[in-house]
Amino acid sequence: MSVDATLSFEEAMEKYDPVLGFEVHVELNTKTKMFSSAPNVFGDEPNTNVNEVDLGMPGVLPVVNKTAVESSIKIGLALNCKIAESCRFARKNYFYPDTPKNFQTSQYDEPIAYDGYLDIELEDGTVFRVEIERAHMEEDAGKLTHMGGAAGRIQGADYSLVDYNRSGVPLVEIVTKPIEGAGSRAPELAKAYVAAVREIVKNLGVSDAKMERGNVRCDANVSLRPHGRERFGIRSETKNVNSLRAVEHAVRYEIQRHAAVLDSGEPVIQETRHWHEDTRSTTSGRPKSDADDYRYFPEPDLVPVVASREWVEELRATLPEPPAERRKRLKEAWGYSDLEFRDVVNAGVMDSIEETIAAGASADVARKWWMGEIVGRAKVADVDPSELGVTPQVIVELNKLVEDGKINNKMATQVLDGVLAGEGTPEEIVEKRGLAVVSDDGPLLEAIDAALAAQPDVAEKIRGGKVQAIGAIVGGVMKATRGQADAGRVRELILEKLGVEG
Amino acid sequence: MTELKNELIHHSAADLAAKLAAREVTAVEVTQAHLDRIADVDGQVNAFLHVNSEEALAVAAEVDAARAAGGSAAEELHALAGVPIAVKDLIVTIGQPTTAGSKILEGWHSPYDATVVKKLRAAKMPILGKTNLDEFAMGSSTEHSAYGPTRNPWDLDRIPGGSGGGSAAAVAAFEAPLALGTDTGGSIRQPGAVTGTVGVKPTYGAVSRYGAIAMASSLDQIGPVSRTVLDSALLQEVIGGHDPFDSTSLTDPFNDLVAAARVGNVAGMKIGIVKELHGEGYQAGVENRFNESLQLLKDAGAEIVEVSCPNLKYALGAYYLIMPSEVSSNLAKFDGVRFGMRVLPKDGPMTIERVMGATRAAGFGDEVKRRIILGTYALSAGYYDAYYGSAQKVRTLIQRDFDAAFAKADVLISPTAPTTAFKLGEKLDDPLAMYLNDVATIPANLAGIPGLSLPGGLADEDGLPVGIQLLAPARQDARLYRVGAVLESILEEKWGGPMLAQAPVLGSATTTAGGSN
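Chains as they are written, first to last, in this note's numbering: chain A, 1 to 502; chain B, 1 to 517.
Simulated from the structure, these hints should not be mistaken for lab results.
One or more hints might be untrue.
Stated by the list, open to error - Here are the simulated DSS-like cross-link-like pairs (lysine-lysine), alpha carbons at most 25 angstroms apart as the crow flies:
id, chain 1, residue 1, chain 2, residue 2
1, B, 393, A, 92
2, A, 466, A, 406
3, A, 177, A, 143
4, B, 369, A, 92
5, A, 239, A, 143
6, B, 494, B, 369
No experiment lies behind these values; they were computed from the predicted model shown.
Build the full structure now, drawing on both the sequences and the hints.
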């Protein structure tokens, strides 16, 4: 395998303007397949989730899965598309053993959704509008496994096995219009776009949206043109880039590779490319020309799909709030800084915080607990924070115990561990463990005297008005009381003792 | 007893049903009589590709047991329970092979039943076997079967029509009282015409296509084959109705067909002669019988009007673009990968493309290949609009022509086929001449409307059967049965009995009746 020459990304950007385009395939999580009643289940024994329709046996006919149509309309609406009142399926004819009928039932000139857009927010808050050309319904192909060759590739293989479990799984293919003007942010935009589509279909509940399982698959088209030129360059299509990071890397790599090809004076070849995660590079696939002749014609075995306006509006009314809008709303409502909010989102606790606030906690308290305590423990336990076992009620209760002065923050974390260990509710644990803030001032005053005596220089400073030095004395008291004192009260008593205004 | 059994095969399905209900005969006797007949004459006719006597007799025995048990078991029996039937070998069946008349499916057993077969089983109609056809239903003579041609019971040197020559000949030769056919461009009606039997192509969508191996999906329709109009009505009511497995199937019940066949008059009905579907190109004897039927209907009180469907002159051309286009796609699945024949290339690299190629080259006959090539070409980029696209426009124009015609007439009438049965081999090397056999039947498929062919008498010049075709608007299949039954009864009165009584006697029936079997 020869290694293609590349230019540095910066140099490529100096000389050329990238144009992107994406085809994202989303596998729907319907119970049954697109055109048959066989189960739509991932990961079972090969060729078990199939019936005569999926195998393309003689005489079979397809029947459209209504739920899949519903999901497709929802996706279309979430992508701000128009929904066709009536649309047909078409046959895409080509011989390949993963396609049991030797044609794929797809949509051609009548997609169910068309003319939409998606506003993509980049890391720094820049919003970039990606125009959606269409979203259409189709069926997935089976899966080929090439045996006997190197690394499961078809070259050199002795034979191939075919698993039709995936054959007929409902897909929605989302196709963008050419994306111009992204400049050096093209790789970042690529990642953000695919992430946004993934988030939308997950939020709609129409797909499991797991990229590692191929629920969301991206083909990335890249072409370059010299700055200022209107006409697009020749594109390559990198197939099945199946992680968000890989999307970013693949686009970056292809930009660098195209730039080197163009610099050498050669034309870019219109072809598909394969992405290799190990080398973070692409290799040549098959030539792809716009004249590939799939002999499309309307699928005569299916009547047109009619989406009445009433139905579409019914579905529109069921759509959840778009993820981006929801984030914007919550960030404002909670008053978090950009950084705080991004951390919350990245840690995957936005929903949990929302629930905790709904249960009665303040935004800051909710964030403090989730980000400060729970996320770290979840990481250790290797589970999602929301799956650790902390309910919003636990946090509200813990916080109330602290606010009422019954326990301090340090004790509260011990109580939290008790909750996670299944010892009961926070109140029960406080009781059982005998945790309670020392509220009798007598022992505290003794400890304070001792601490002041131990650090006379600090005591002097405080008397002299450097109140911020008080931490050392408070620390001493807390140490002496093994943390059972209320630090706030200790502070008050120290200041009182020294006759200083707090 | 043997004589009685032999006599049984001459009864219509309706008569057999009545005799079974009255317990005058048993289903096993009726089924055995037909199996005996098949054993006796099918060596000459070659209507059957497979006979399943064991299953047929077992089903018959179930019917007899239910009837003997009386009570609800007997009451729940379908009217046609115990009446045997033959099934065109394009329709898939569990327990019997399905070949589509092609080498490529030799030995293949379907893992599922066609919806119509499920309905036959639910009605407990013994399935005698699978009947011969042109390969994948492509032909008008059954000569394109990979398993040898079927012969016309009226003259064993002549074709029985096609593609459903097996079903028509089986019924004409009294090997079965009923059969299922499929009709894409006339494959039920034209064989009916040339064998002197009744064949009906229902409204597109009236009968589920699930399990009929697709030739041209937008044109295919399963329908009844019988010796009387009433029998076809009875059978269509068994096999018809909405099927959730066929999204093109209609939700209309179509349960008024038998009643329509029993109305018994056509007084006041308007019957339209389609100007473009008779006259030039039609054999004189065919034209004479057609005119005779018109006169008889007129005498019976129908009003005869003339209508014109000017776009029908493009029907054959449009058909031979749409049909092969769909064929080229529908037959792509026969590639040796998952089922049926697999042929490995003799030499050279063993790639999937070459295995597919070798399989299809060896497995398909010439007519099938011809249509796949035609269709592939018609759908190609750059040709699609000129061929497939234009043909679809013609289809719309033809539908409009029929709409206009049916504004003037309740049913339309024409000869079913331009000629009587021709000799085996006569048109085999002339595809265009072969295609012309369907010139009068194709328009109904393009328009999705129902059509019925019934015996109209024998042509003067050759003494061979002539078919009369009736056409009705979509969903108005009942009109066909009403007019068809009336015309049938007037003609039989004129002939002094069924037309098939004039057919030559086949087999050993007359010489060995009462013999030793």
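Hint check:
| no. | hint | in the structure |
| --- | --- | --- |
| 1 | 393/B - 92/A | 22 angstroms, holds |
| 2 | 466/A - 406/A | 30 angstroms, violated |
| 3 | 177/A - 143/A | 29 angstroms, violated |
| 4 | 369/B - 92/A | 20 angstroms, holds |
| 5 | 239/A - 143/A | 15 angstroms, holds |
| 6 | 494/B - 369/B | 46 angstroms, violated |
Of the numbered hints listed earlier, those contradicted by the structure are 2, 3, 6.
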